[in-house]
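Asks: The lines below spell out each chain.
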Amino acid sequence: MTRVHDMGGRFGDGPVVPEPEDVRFHAHWHPRALALTLACGSLGLWNIDVSRHARECLSPGDYARFSYYEKWIAALADLLVGTGALSRDDLEAGQALEKSPLASRRLEASAVAGVLARGGPADRPGGNAPRFGVGDRVRLRRMAENLTVAGGHTRLPSYAAGATGRILRLHGTHVLPDSSAHGLGDSPEPLYAVGLRAGDIWAHPEHPQDEVVLDLWDSYLEAP
Amino acid sequence: MQKRLNPQAAFRGNLGQVRRQVSLACIEGLDFRCPLAHTCPMPHDHSDDAHPHSLLPSEPALRVKALETILTRKGLVDPAALDAIIDTYENRIGPRNGAQVVARAWCDPDFRAALLKDADPVLADMGFHGRQGEHMVAVENTDTLHNMVVCTLCSCYPWPLLGIPPGWYKSDAYRARAVREPRKVLAEFGVTLPGGCAVRVWDSTAEVRYLVLPQRPAGTQALDEAALSDLVSRDSMIGCGLAGAP
Chain A
346 MTRVHDMGGR
356 FGDGPVVPEP
366 EDVRFHAHWH
376 PRALALTLAC
386 GSLGLWNIDV
396 SRHARECLSP
406 GDYARFSYYE
416 KWIAALADLL
426 VGTGALSRDD
436 LEAGQALEKS
446 PLASRRLEAS
456 AVAGVLARGG
466 PADRPGGNAP
476 RFGVGDRVRL
486 RRMAENLTVA
496 GGHTRLPSYA
506 AGATGRILRL
516 HGTHVLPDSS
526 AHGLGDSPEP
536 LYAVGLRAGD
546 IWAHPEHPQD
556 EVVLDLWDSY
566 LEAP
Chain B
77 MQKRLNPQAA
87 FRGNLGQVRR
97 QVSLACIEGL
107 DFRCPLAHTC
117 PMPHDHSDDA
127 HPHSLLPSEP
137 ALRVKALETI
147 LTRKGLVDPA
157 ALDAIIDTYE
167 NRIGPRNGAQ
177 VVARAWCDPD
187 FRAALLKDAD
197 PVLADMGFHG
207 RQGEHMVAVE
217 NTDTLHNMVV
227 CTLCSCYPWP
237 LLGIPPGWYK
247 SDAYRARAVR
257 EPRKVLAEFG
267 VTLPGGCAVR
277 VWDSTAEVRY
287 LVLPQRPAGT
297 QALDEAALSD
307 LVSRDSMIGC
317 GLAGAP
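In order, the protein sequence lines correspond to chains A and B.
The opening position of the first sequence corresponds to residue 346 in the numbering used here, with each subsequent residue numbered one higher.
The opening position of the second sequence corresponds to residue 77 in the numbering used here, with each subsequent residue numbered one higher.
If you are wondering where the hints come from, they were derived from the structure by calculation, not from laboratory data.
Far from chain A, some chain B residues (derived; all Cβ distances over 12 Å):
(1) Pro185
(2) Arg292
(3) Pro293
(4) Ala298
(5) Ala302
(6) Ala321
One-sided and incomplete, this derived list gives chain B residues near chain A with beta-carbon spacing under 8 Å:
(7) Ile161
(8) Ile240
(9) Ala252
(10) Trp278
In this text, all values refer to a predicted model and were calculated from it rather than measured experimentally.
Every residue, glycine too, gets a C-beta built ideally from N, C-alpha and C.
So here's chain B without its partners, still in its complex pose (with noise of 0.2 Å):
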């Protein structure tokens, strides 16, 4: 009986050497498409057992594990490096920065014609610039005109200014709905506008992040800067809550 050739196998003995050779091109020039795109003939058509990622384990505690793991032992990650990174985000950058700028405004008139004309250097002044924050807007809620924040492509969010983004910011719901019933998101914070005020979404599709000065609430005459960052909420600064009253 003939033995037959299986071409997948021929395929895949040489599979090792040409992915060694790309992935030597892609550090050079960052040729990057998908991570099969080289050698796979339909770049983006491939099943999920495909993707390296699926080589890891399923359950994601220990497939994140795994890969620091893996990465430690590389010398590619430093775990005391991660913990300053976790450390930055979970104790360090929040929204208070944000409610701190959101109340300097309400007290300072030149501070908030200069944060609305051009913020990236007023916020370096407060020392809230860097990752996530390089390029940033600031937009003013009035009697006609409500903004609100999202990011439909994937969860972009000024983080200097507010810290690690809300779950529901990060949810299909709230990518999916925002752009298309922010007054029924809204609803769903507790917020109902009047007739005569407009909604203005701003779809994050760039680097420029955008942080929504909410309308200082009435009765705040006699308050300090530390008391109204008080009542500026984390949901007030993306569009989806309003400041409170004291």
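In isolation and in its complexed conformation, chain A is listed as follows (with noise of 0.2 Å):
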């Protein structure tokens, strides 16, 4: 089983709202917890994997209930405890009497654009060479779990666990997340979009030529 942030499929969810294009925020607090949440990534304390993880350690209850931005300030302060950088104490007393020692990896504003232009790149040289090429047909790992830590991240769908498809495409090598977001290096592998029909994976698909396509690492896939 996975966690609850894995709802490809689900039913139940009601309609898509379309919204304007220039709306960005829709509370007046949303752009503070973007930037806190982005600024607090820079100092480097964890990676995108973990801090993904750490939204998805949200209790069910709490990653139901809680909004885009709620689920990344909850995350970012399950993060700050979690890495040291703050305390419990921190937290409760809603305010911090001495400077952290971690202050000299502060972001700061002249920096900002430099980092953001950055970003993180994924790919790694290294890997086993890709097992399967274009046109491969391919079976994905029955169980949609992190095949290390019980209850760990992964980035394998529960809805296209099982499933065969097919590769349409080569990304290159990529850190493995399921190694990532627990400290376990980044234990690169080779990453493909792999295309299902939708008749393989919806006992009701909508038309027999659709399809999804997901980007799945080397060891996600076996040989069908």
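Taking the hints as your guide, dock the two standalone chains into a single complex.
Replies: Here you go:
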């Protein structure tokens, strides 16, 4: 089993509500929540996989109840305490009495443009050679679970697990989130776009020609 | 009467020390599972109250303000840097970036071919790169194939090209339904595809981000790139809309 975030294919969520393009935020605190999360990310205490897993580790009740930026802020508080940047006492007191030894890592305003422009590429040298080529048929791992860490991070959605598809493209060699989210290293692997026929994953596909494509790592796949 | 020891209280007494040691180890090695994994016997089965975030005020605006105050006093966050980040996504990076790319692809066959073959260098030349757009792939709509983009596991989105994702893109409804019933979702955007057109939904499960190149509307031969880019809506570049008529 995976976690509450793994909702692809779920029934019961109601309509999707379009909105105008010029809406950037939906509450005055949203921009602050976004900026705080990005600024803290640049302290270098965690990577993107760790931060995604922190959001996924919210309790199912909180995950469902929280809006997007509430999830971000809750996970950020958990990450800051989990990495020791803040203490529970800091959070409880609502103020900090002393400077952090990590203050030298603070993101300065002058560095923002450069940090955002650089981003964090996920491709890495090394890893095994691709076992599959474009057009090859592959079967996705049956269990949508982290194989190393119980309840750990993975990017194999449960709706696709166990299905058979074909390789549409090779993306190069990328950091394996299942490893990177748990401090187990980048463990780079070939990454592929894999196409699945809608009729192979849904009992009631809308159209016989429709497809879903997922980006999947080499260890998520096997020869059918 | 014999005084009973409370094992939970004894456990709590040691916790501060354990947590400090663990925290230091975390910073060195990024040994992160879940903030409570180190002290919780069942790492992923703790109650809501045990999460550190529950120590902050529950009202979101107060919660964010409290965290910003704490982090600023700790010296971990510079409020001016927060302002700079907000300014970037409020005023500098948005869907007009992507619209320029689409309009150019409509006008310049060599550019279009290069973009579809290997988008990153082409987009970098236009200055569109960085956070959440490190690995871009452009996918083209045709008469027989309509592309649509979702992230079912979180809300991954090509920020340098499209800016901040819209509320609906981050909604449970879109994340849950786009992969299973894309045509019903498209109908909610007022889009109906002909029966001969297949839908291909890209679930952004890795760090690759997708930009949909919508079809160029008929009757736009006379328009230049700038005028064409005005026809390219954000939703059309996610695959939830079509490029507008002039």
